[in-house]
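Student: Listed below are the residues making up each chain.
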Amino acid sequence: MTIGVCYFPEHWPREQWESDATNMAEAGIEYVRLAEFSWAVLEPERGHFEFDWLDEAIEVLGAQGLKVVLCTPTATPPKWLVDERPEILQADIDGTPRHFGSRRFYCFNSPAYREETDRIVSRLAERYGDNPHVVGWQTDNEFGCHRTVRCYCEDCSAAFSDWLAEKYDTIETLNERWGTTFWSQRYPSFEAVDPPQPTPADHHPSLLLDYYRFANDSVVDYNRLHANLLREVNDEWFVAHNFMGDFETLDAHAVADDLDLVTWDSYPTGFVQDRREDDPTLDELRAGDPDQVSMNHDLYRGTNDAPFWVMEQQPGDVNWPPTCPQPGDGAMRLWAHHATAHGADAVLYFRWRRCRGGQEQYHAGLRKHDGSADRGYHDASQAAAELDGLDVAHVDAPVALLHDYHDWWAISSQPHAPDFDYWEHLRTYYRALRARGVQVDIVHPETSLEDYALVVAPTLHLMSEERADHLSDYVSDGGHLLLGARTGYKDSYNRLPDARQPGALSNLVGATVDQHESFPASVDLSLMYDGDAYDYRTWSEWLNPDEADVVAEHTTAGVTEAKPAIIRNEARRGTVTYVGVWPEAELANTIVGDALQTAGVTSTDVLPDGLRVAERDGHVWVTNFTSDAVTLDVPQGTPCHVGESKTERNDTVDVDPFGVAVVECRVDDVAVE
Amino acid sequence: MTIGVCYFPEHWPREQWESDATNMAEAGIEYVRLAEFSWAVLEPERGHFEFDWLDEAIEVLGAQGLKVVLCTPTATPPKWLVDERPEILQADIDGTPRHFGSRRFYCFNSPAYREETDRIVSRLAERYGDNPHVVGWQTDNEFGCHRTVRCYCEDCSAAFSDWLAEKYDTIETLNERWGTTFWSQRYPSFEAVDPPQPTPADHHPSLLLDYYRFANDSVVDYNRLHANLLREVNDEWFVAHNFMGDFETLDAHAVADDLDLVTWDSYPTGFVQDRREDDPTLDELRAGDPDQVSMNHDLYRGTNDAPFWVMEQQPGDVNWPPTCPQPGDGAMRLWAHHATAHGADAVLYFRWRRCRGGQEQYHAGLRKHDGSADRGYHDASQAAAELDGLDVAHVDAPVALLHDYHDWWAISSQPHAPDFDYWEHLRTYYRALRARGVQVDIVHPETSLEDYALVVAPTLHLMSEERADHLSDYVSDGGHLLLGARTGYKDSYNRLPDARQPGALSNLVGATVDQHESFPASVDLSLMYDGDAYDYRTWSEWLNPDEADVVAEHTTAGVTEAKPAIIRNEARRGTVTYVGVWPEAELANTIVGDALQTAGVTSTDVLPDGLRVAERDGHVWVTNFTSDAVTLDVPQGTPCHVGESKTERNDTVDVDPFGVAVVECRVDDVAVE
Amino acid sequence: MTIGVCYFPEHWPREQWESDATNMAEAGIEYVRLAEFSWAVLEPERGHFEFDWLDEAIEVLGAQGLKVVLCTPTATPPKWLVDERPEILQADIDGTPRHFGSRRFYCFNSPAYREETDRIVSRLAERYGDNPHVVGWQTDNEFGCHRTVRCYCEDCSAAFSDWLAEKYDTIETLNERWGTTFWSQRYPSFEAVDPPQPTPADHHPSLLLDYYRFANDSVVDYNRLHANLLREVNDEWFVAHNFMGDFETLDAHAVADDLDLVTWDSYPTGFVQDRREDDPTLDELRAGDPDQVSMNHDLYRGTNDAPFWVMEQQPGDVNWPPTCPQPGDGAMRLWAHHATAHGADAVLYFRWRRCRGGQEQYHAGLRKHDGSADRGYHDASQAAAELDGLDVAHVDAPVALLHDYHDWWAISSQPHAPDFDYWEHLRTYYRALRARGVQVDIVHPETSLEDYALVVAPTLHLMSEERADHLSDYVSDGGHLLLGARTGYKDSYNRLPDARQPGALSNLVGATVDQHESFPASVDLSLMYDGDAYDYRTWSEWLNPDEADVVAEHTTAGVTEAKPAIIRNEARRGTVTYVGVWPEAELANTIVGDALQTAGVTSTDVLPDGLRVAERDGHVWVTNFTSDAVTLDVPQGTPCHVGESKTERNDTVDVDPFGVAVVECRVDDVAVE
Ligand SMILES: [Mg+2]
Ligand SMILES: [Mg+2]
Ligand SMILES: [Mg+2]
Ligand SMILES: [Zn+2]
Ligand SMILES: [Zn+2]
Ligand SMILES: [Zn+2]
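Chains as they are written, first to last, in the UniProt record's numbering: chain L, 1 to 673; chain U, 1 to 673; chain D, 1 to 673.
Hints listed in this document are in silico derivations from the structure and should not be mistaken for laboratory results.
Hints are supplied without guarantee of correctness; some may be wrong.
Said to hold, decoys possible - Each pair of labels, with its calculated beta carbon distance range:
no. : chain 1 : residue 1 : chain 2 : residue 2 : range
1   : D       : 415       : L       : 86        : 29 to 35 Å
2   : U       : 281       : L       : 547       : 35 to 41 Å
3   : L       : 170       : U       : 84        : 57 to 63 Å
4   : U       : 84        : L       : 86        : 28 to 34 Å
5   : L       : 549       : U       : 647       : 42 to 48 Å
6   : L       : 45        : D       : 169       : 18 to 24 Å
7   : L       : 549       : U       : 388       : 41 to 47 Å
8   : L       : 221       : U       : 319       : 31 to 37 Å
Said to hold, decoys possible - Short derived list, chain U residues pointing at chain L, Cβ under 7 Å:
no. : residue
9   : 122
10  : 123
11  : 306
12  : 323
13  : 325
14  : 326
15  : 357
16  : 359
17  : 405
All C-beta atoms, glycine included, are put in the ideal place defined by N, C-alpha and C.
Between the sequences and the hints, there should be enough to build the whole structure, so can you do that?
Tutor: See the structure below:
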């Protein structure tokens, strides 16, 4: 469990590098990421390479015992390259090129850019193939950032046609699978299929979904190109990529197949302002929303079922959210512990030092732009010291939350209600699990499920026979399955299934969906569950139980009233619950609490918002994302690794505002006083 | 009075067609619309026609006694045609083409597309010229949907220049009529006049208005092309088009001149969410706003002064509004009755069966996508049974509401207040008339007015001498004329008239407009009328009476206070009232109530919102768009065709939530208990 | 002190010109502006000039003793010219041309358009070189209106490269000054630098700032072209330009260097609706916000330290704001007095008569479109009569408010909080000065400051050593300097300075900025100043005093609490106060009040909103922008030039709603009763 930092020596005078390295070592930093966005300084003109500065920087860091992670610098091709080969630029949906001037303007499908990528990556890899300080690589940077997964250029148009030909073999098959008779949309050939450019009404949902898949696959291919080049040179290097948080358009499951190490970039006070529906509280502006953050930890940990890294950890105030408050005292330390509790093995702060020029001047570093220590430096040093002794094994989660990006893309293109957001809906269930201290693996639906006591699938929207069989096998083996709204609405081509929803899952569920409806926020939506009244939001289904029992009925006014809303089916040796609404938090807590109890999963009572516990390898991290101190009761004599025991009997632990405690016990041993 | 359905046999396996036809016949359906959007299956490649499937579908339906309405399939040209002749595409205002991928992307002025239209329509018409089951045609589908009346392509630029040359003869005349000296906008030739492309400030209002007229005329011409081709083959066929609701950019009066039958597409729970200013109530989400819907019935009935059809009637939940609640129980039946009361002779539900693929998966049909009966099927069957016996004559309305699309276009391009909406303003007066159970013809201002007891003209914005004379003649013959704000502000070229507003009407009105002003919603706007205080909104005029009497003075604070707001002129043998504000509902009810009384029009007391009565040929339809049951008092012994008499004396009638009653009496015989 | 009008004789029949001229003379009008937007009538086809109408119009006006100001008609090139040389059109950021159809669509950098400009301006100037009635010129009209300062066409791209080469000499220097190593943005040549076209993320802040400077300089150059041509012909003419209010993108300080007379266009009830953060009150809808208006008076007066003109004064209702209420009775007179009090020597109403055709039909004139007198005519006549006797010297302001457009542009491209608006922030301090009746010169930071008792600099964001020395000299000479938030954050290349903020100013301030943060409006932000609690908004800095004293500490919750918020440094022979927040009005009043007291500036108590006093040359104008009458106490016997003395002792003066009084005394002699 360790700490690192992202460093740009090329931004600073050569004479400062030694003191930077010394200061890093003193903070307990182990890893240093280098060379991101460095193409223009590595190759200032075509074929003229300048590696000396990088050689030297690695040497200076290595001399302090620091380990180096290098980046392929492809996120920012130099201007000379763009001017020479302008065909590498992406195009917006209306054909406007995405020009030079920031980053990520290159097209993943550009043959020219793949050629250039091969050239620079090979050259770099060869240069450092034997370097003892270089331990691994990050490919490019944040694939897809700034809405760049999807491109509408000529190269993409041609590649899309090829991708479709590969998938469907004949154009007749495509026409049949998509259902192109609707609105006379039959295609005479694969060449005739274009990316979804501006057209008067909505595009065909099957075309949209395949375009989103194709765009995703283009990134996967492009990443694989990097991975292959690097591994060819030195197969002991790890190959990593740094993903983003709450990010829709790129399928991390698919990219991860080509990675040794999955990492992501965590900016809690930014995310809470622009990737979440609710307005942030002041505490959230100071430290973020722990469930929003850990949902990404658990997602990326789940991609390869392995410890992950935070490749970029927020170091202080950041520039890109709407507002930029200062994090609470200790928040930068808190985030490192929180990540570790959820399975991170290393947390690298972005970045060493605030930059004087360019787009990120308003983004803090561990050091101020004048070189002095900033608030994050002290937090990072403390976290490094505390984590140094804690070597814990991989997280072992009892619950799986099923998530497929393709479902997200399908729902996004047909939300059917302005506020139906696939990810917010998933988060409703995730929060209810985390509120009870349960560790959750967020995994692809086709992952092996046998080790999970409970499987929660908020929206398996696109359902195939194979996927239905996989879930059915799980329940047959005694598993407990909790399904949410809009599950099984479509087949994998984004058409309606032959039969009623949930299509191939109907048998297992023991019920079908009779009707669905959506509402504006102004309408009161409610149901009665187990004799108690609860609210739900946005989405309502009328269920038609066959073998299943009705466990909740709608109380929403009018024709909705008295229709079955939630059903439960004691199927095979397990159970299936189907929730035909988007539950508000209280209802989610109840449904999930009942499911955990049925499945026999150890959990806590519902914890207060902002206070979260997570167990990893016999250690429980108590992370306090609020400005109020808390005291916890723990079993007498509980060892306390981080935090302070209040009494001599070691049966309480104090946690500061924005503080953390690490105690050696089970998660259900911990109680808020 | 009958029922029909829109059917797409090409979406479903051949073997299901017979059972579909049987189920239609069992429901009492008489008309089936076919072949809309079918070009790609009729002509899968150039010159290769496949009519067999359509022949067979007509035969299967005809065998059940069903009558077929065919569509010209031009709303969706096939991809092979678009790729062969890409010049047919429309262009957005900034030049971006409107691509293939949905519908309505072709330009009405494209010579290439007119050639292709001629080819497919002739071919189809000839194929079915003698078919005994085919009774008529729909041209294309919803001309102008998805903002496509106005195109900015090269073909349109050339056609606009020709249209202007035809209208103005010399460019000097155009420059003079428009007033192009302003901002140095004089044109050297007709060729030099371009469509209104992006420019730093607003475009010239006279150019805008003529461009909107030109774009409208392009659709009129294009529709005439269809009508002529069809009539050439079989002049016993009716030619119809299906218009949209609350639709601004296409002049239904002008298109209707080339039609035998006017039809429109009615989606009450959609319209109430996106074509109206106020947020919908839950009842409105379940059944729509009856006045919003019937205003379109009355508009389309008024175009040719003849019974109309609803060519597409909402069958259940729909996909395109922001949210998609389930209609109330019975709502689909209610809508058919409501349309009939307002003059519909047939109501066709859209569509037979929910589609598995394509853009409208979230749009219900009378049957579910698995083929089983959906909620709408039962409602439609009941409506068919109830309407079967009711053969009523054309609606005879005592009141005319004058409406000219050109006024709408002129106001839209210079609203002068963010919330001044021509159609909402018209609706204010329409609602006040409907709240008293009065039937209203919405007609063009130059229609013959002699049969109307009262003429209401909320905004005759563009005023010519001819139009003023026409109104003056009406009043001279004893007519009663109620005029609203912004009347007579411009001449027909969208210039200010020589004299003050209301220009050519000033004599008749006996007053002029001294000043006008507009306000944000935050300012309280009020006046005193007949000793009572009332609110108005958005728009205020200071009137300067000459011969007229002041009947209301402003009480709005500041310089507006005490200025005349409404005047009345006892002119010739009739009366003219001019309302210099946009009244709120209560004021509109009072003004309209007084006008009805002056004109001696039979009416009810003001009915509650959502409950409406309408008389057609001695039958009164009571339509309940609310979730509360109501009981009506009627004269003893009133025959009740639909609905239930509560007492033996037949002097009350019960109406269910979202229910309907049809009783044989006069509209003022009915009273809410 | 005089009155004028803008006149378009070419819009009206020749036979009306004499009566127009007579009516002008009767109103006491002295100046008439002519020929704006007249190119198409002056040169209806290339090389065919028609000057006769203008000769005649000048003659008719001159015969009534009116003085003529002519305009170069370049804001609206004729259509024949645009069609002949379409390369003169501007381009939007995405490349879309800005077409003919309104105005201001030409590019300032187009060589073709500069050639055409030379041609028409020379020809016009020569025609009227000896005309005795023509006293001066307005260049073009409202440079930059409709967002046209910044253009993205090919000509601009080339000119930008040249401008950079001129500024930086070598591309290495540019790369170093900007800091282009960030995100691999190094440029290989000046030719390679493009305007900031669409790119996935933000553009580089140094490129943006230089592009904004370049675009501004392009307008400055283009204006100079006009000025030179005119002066060559007749160097007794004044050369003026009419600027706009609250206008960001054009540096009036820079343009003014080439002008003899600075003028601007004042539309109080429009500005209050769309160039201010708060929603307007009804009084503001009737008369505007006096501080918003006078801030522009003081800005334009300050550019050349000379009396200015209002070249266009709102005459009644106007067409372009969201809503168009009628101004209060007398408001048009009030505005003329208010302008005079702030240093105007002439106020010209826009325009003589409402226009029948074109984009400004809904814009009043002094005469209605039918030629009769409108409300503004009476107000203008009264103002002319009242001002006729009042010949007052230039305004002598004791306080300077420092403002640099480059700071505005830098902050706008990195606001760092959605509601951080440079101009609104400046206005906070300006309001506090005006609320105490203090005259303020708004001047460029490098203006000579020695005559000012107090200098207020709300945000000197870009700080150079030279600028710091200039301020330091001022304080060393005993000056009092009040600095606001975000001062000294950047160097003049928009990079962070080497040292901490406020960079080169740190020594003078005696403190540095430890941290900054921004917040959404939902968070309560507060501080304790001199024992009292106050609110602030949006922006917070934590100050780190060195020699300075802490005079306010944050009380905002969390980590912000107890950090120093405002400091004061008794430096050299003067004082420096640094305010590390954006104060709310009450805090601004207190800080500014204390600063005025320290500096010994004469002022009033805080006046009510909407009531303002201003002293010019021994005369105090009391201007009442509210609908409530007020009575003022003045020293016994005070001469009252305008307004009414209530008592025989001449010790009170009544001011009507929207009224004005002019009394001969000092500003602190006046008190609201
Ligand atoms: Mg293609
Ligand atoms: Mg043309
Ligand atoms: Mg260039
Ligand atoms: Zn591409
Ligand atoms: Zn067109
Ligand atoms: Zn340009």
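Student: Against each hint, give a clear statement of whether it holds in the structure.
Tutor: So, going through the hints one by one against the coordinates:
1. D:415 x L:86: 29 to 35 Å: Given a distance of about 32 Å, which is inside 29 to 35 Å, the answer is holds.
2. U:281 x L:547: 35 to 41 Å: Because 39 Å falls inside the window, the suggested range holds.
3. L:170 x U:84: 57 to 63 Å: 22 Å, violated
4. U:84 x L:86: 28 to 34 Å: 30 Å, holds
5. L:549 x U:647: 42 to 48 Å: Once the Cβ atoms are compared, 45 Å apart, the range 42 to 48 Å for residue 647 (chain U) and residue 549 (chain L) holds.
6. L:45 x D:169: 18 to 24 Å: 20 Å, holds
7. L:549 x U:388: 41 to 47 Å: Given about 43 Å between the Cβ atoms, the range holds.
8. L:221 x U:319: 31 to 37 Å: 35 Å, holds
9. 122: Where the cut-off is 7 Å and the nearest Cβ of chain L is about 18 Å from residue 122 (chain U), the hint is violated.
10. 123: 16 Å, violated
11. 306: Because about 31 Å separates residue 306 (chain U) from the closest Cβ in chain L, which is outside the 7 Å limit, the hint is violated.
12. 323: Interface hint status for residue 323 (chain U): holds (4 Å vs cutoff 7 Å).
13. 325: 5 Å, holds
14. 326: Constraint on residue 326 (chain U) satisfied, holds at 4 Å.
15. 357: 2 Å, holds
16. 359: 5 Å, holds
17. 405: 21 Å, violated
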